[in-house]
Amino acid sequence: MTNTSAGTAVRLADVEKSFAVQGGGETVALQGINLDIGAGEFVSLIGPSGCGKSTLLRIVADLIRPTSGTVEVNGKSPHRARLDRDYGMVFQAPVLFDWRTVEANVRLPLEVMNVARSEREQRVREMLELVELGGFLRHYPHQLSGGMQQRVAIARALCFQPAILLMDEPFGALDEMTRERLNAEVLRIWARLGTTVIFVTHSIPEAVFLSTRVVVMSARPGRITTVVDVDLPQPRTEQTRETDRYYELVTVVREALRGRLPAGAQDGPAALDGHPAKQRARAEGGIG
Amino acid sequence: MRDPETATERQSSAASVGVAGVEPPSRRRSILRPIASVALVLLAIGIAWQVAKLIGGDPWRYDDFLGTGIAFHHNPPLRVAQLSDRQLPHLWDIGAALVQPVQRGAQQSLGEFLVGAALYTWREAIIGFGLGALIGVVLASLFVHFRLLERAFVPYVIASQAIPIVALAPIIVVGLGRGIVAVVIIATYLTFFPVTIAAMRGLSSPDPRALELMRSYAASRWAIFWKVRLPASVPYLFTALKIAATASIVGAIIGEGPGGVPEGLGRAIINFNQQYITGPEKLWATILIASLLGITFFALVRVAEALVLRNRQRVDV
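Top to bottom, those sequences are chains A and B.
According to our numbering, the first sequence is numbered sequentially starting from 1.
According to our numbering, the second sequence is numbered sequentially starting from 1001.
Keep in mind the hints are simulated off the structure, nothing from the lab.
In this text the structure is predicted, and so the values were computed from the model without any measurement.
Ideal Cβ placement from N, Cα and C applies to all residues, glycine included.
Be aware that a few hints might be false.
[To be verified] Facing chain A, a subset of chain B residues (Cβ under 7 Å, in silico):
1. G1069
2. F1072
3. N1075
4. R1178
5. D1207
6. A1210
7. E1212
8. L1213
9. A1218
10. A1219
11. P1231
12. S1291
13. R1310
[To be verified] Below 20 Å or equal to it, Euclidean Cα-Cα: the simulated SDA-like pairs (lysine to any residue) are:
14. A:K76 x A:A116
15. B:K1227 x A:N114
16. B:K1227 x A:A116
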């Protein structure tokens, strides 16, 4: 698995999802979703509450089925991809098991997947080193901070070497400092493993800093309004957050979220130079 | 088989079955503190008991008060029938009865006899407790996984506990014959219910996302049960097992009468009940030993709980 590996990781064509509402009728959670995500990409889904970004992630994960449309994950049906353990998942809450040590939590998927004992230990160790928790093998989840717990969850999602990592607002419950540190960590892991990442977030700076593409969605019905290519150079560091281009892109995404930039996102930034929105971007830092 | 997807929805339905008594367990406290507080309460009860007798009991006539050599004669100001020596013997008389022979001319003291009877009853109760716990967990597992079974049978599980056990016990004895098997079944009958209810709640307690996570690993239903549902239910199970421990002893004692098992506490209670007029201390001593048995069993389960859950985070429900 490398960033350069060819092919499409996820393909969504005309995907629609509606839920029955109690007392009759239905809500359309997603409508006309068309999106191709290449292998090794880092794609963020951003949008207001109720835009269906988590629903979209769950459809890719085969946790729910679309009402209509085609979904392919690694060229297979999402169901097949789930059975093949093609993706790992991280939720907003770490969802660690309090009766298991850190080590045993990361080991859980390997146990479920019947990975040989000797290999388990080695992979668990590797993954915990990767998230810099090598010294906490025997700790219990409640002995760790929220950020550390979420790193355990990331190690757990990656330990069986899935091609795709699905993250549903993984840092939404963390403070800004921890969030930024984990952003950098996720990028480092992504660069090292070449895993395709689909990342749901409320935070504009986070989406821009992490992604190769930001998918902007709107609510009622949930639609993709804009896809912003993030051309910030790799590897991204804390300095990246200080560059003009970063601010420009944050502004582009923010404007897109406000529905002010329905088209031409790619050429938008240049035109926005010196725009008051740029200063706003600095001040506000995010919508979440 | 229901889909795990729908399994998450039914959390609330299982929780609604949960009886108020099945509270999530409070975790990890020092073992010594509850023991000390229990001892303190017992001491207070003992003092209240004797003070009541001092105020409203029969006259105290001691030439050598409890071996201290002090003479103590006291005429209580009130005369309350319920506080008479026959109704409420002096605690030291109950204690003295324990070291006296169980019958005139017998080698064995009452205490020895009662401890033997208690151990015998405990044996029945432990088997009933084990069976009841097993049945409870199995039933709850079925109910949690098959909604149809839950709908069909949970009302009967609840109704089963509305039948007075004293009415049911003779029927069980007629069905199974006199003997220890019938007694064990009666103990089981009182045990399985709290375990079923608590286990249903515990097995449906995992975070829906934990189930989704397992689903994302393409985990089998069995793996989800074994690695998530069952471990998550353990704190709930222990809450029920503590109730079941004492219930199983009550069941065994009740069952021993109609069950015709002469060796246990049940028969001792019946016998000493008949001798109450001449020797109330014996029945009180039996009650004391029976309670001690219940407390001991409870305490052992509590210790097991503390050991098993020592590393767990507090469970919030």
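Hint by hint, here is what the structure shows:
no. : hint             : verdict
1   : G1069            : 60 Å, violated
2   : F1072            : 58 Å, violated
3   : N1075            : 63 Å, violated
4   : R1178            : 44 Å, violated
5   : D1207            : 6 Å, holds
6   : A1210            : 5 Å, holds
7   : E1212            : 5 Å, holds
8   : L1213            : 6 Å, holds
9   : A1218            : 5 Å, holds
10  : A1219            : 5 Å, holds
11  : P1231            : 5 Å, holds
12  : S1291            : 34 Å, violated
13  : R1310            : 10 Å, violated
14  : A:K76 x A:A116   : 27 Å, violated
15  : B:K1227 x A:N114 : 13 Å, holds
16  : B:K1227 x A:A116 : 17 Å, holds
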